[in-house]
Structure formats: structure tokens, C-alpha cells
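Asks: Sequence:
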Amino acid sequence: MAESLFERIGGRPKLELFLRNFYATVRIDPLIGPIFEGVVEDWPGHLAKIAGFWSLQTGGPPDYRGGMMARHVPLSLRPGHFDAWLGLWEKSCRAHFDPPEATEMIRLAEGFRQRMEPVLVRSR
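If you read the sequence shown in this note's numbering, its first letter stands for residue -7, the second for the next number, and so on.
Bear in mind the hints are in silico, worked out from the structure with no lab data behind them. Since we're looking at a predicted model, the values are computed, not measured. Hints are not guaranteed to be accurate.
Said to hold, decoys possible - Using 27 Å as the maximum straight-line C-alpha spacing, the simulated DSS-like pairs for lysine-lysine come out as follows:
no.	residue 1	residue 2
1	K83	K6
2	K83	K41
3	K41	K6
Model the full structure from these sequences, guided by the hints.
Replies: Printed below as a string of C-alpha cells:
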């Protein structure tokens, strides 16, 4: 049986390291950093929840109990916010993972954008 993306990226330890580094860049981004800093009160807790989400999405343990879309509705997101987040995600994926896994992680995130952006931008 083929290894899951979760296993190929190094499991939970590597995923958590990646997410810590990724969100460190998000937090200082001039466009989207203030959004995250304005709503995330507990960064360790937030990162643990996000790690659970990405664990589930990559074929790892189903450690996420949801509401992702609902949590983003009040943020008044615009297309530029999605562009900025995905740009940082792509750069981080390429820095942390081998090319095939980086590409898969980027495609997963692009898929979420396709599903989330129409709902969240319209909900403003």
C-alpha cells in the first residue's frame, strides 16, 4: 500500500514544524498578519488545531473537529487575502518538503481556496 502524503512529509512532527514556520511568516505579513493577530488569542492551541486539520487532509489521523468555514466567515476576507496566504503557503511548502510533496500540499490548499473563497467573499 502506498504511503499517505502525511507519512511522506514526515508525519505529525514534520507537519507541526512546517506549520509553526509557515504561520510565523503569516503573522508578519503586512496584509494577512493583522487578521490572524486580531483573532488568534492562543497560538499554540491554534497551531495544534491546524495541525489536526492538515493531518486529516493529508491522510493522517483524523484529529480535527471542524467548523473551518464558519470560523472564517466573520473575517471579511477578500481575494487578495487568499492570494497572500497561498503565496506564503507555496513558498513554505517548497522550502520544507520534497518537490512532489510540496506540489501536493499546494494543490490541497488551492482546492480549499476554490471551495472557500466564493462562500467567504460573498458572505461579506
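Asks: Checked against the structure, which of the hints given earlier come out wrong?
Replies: none
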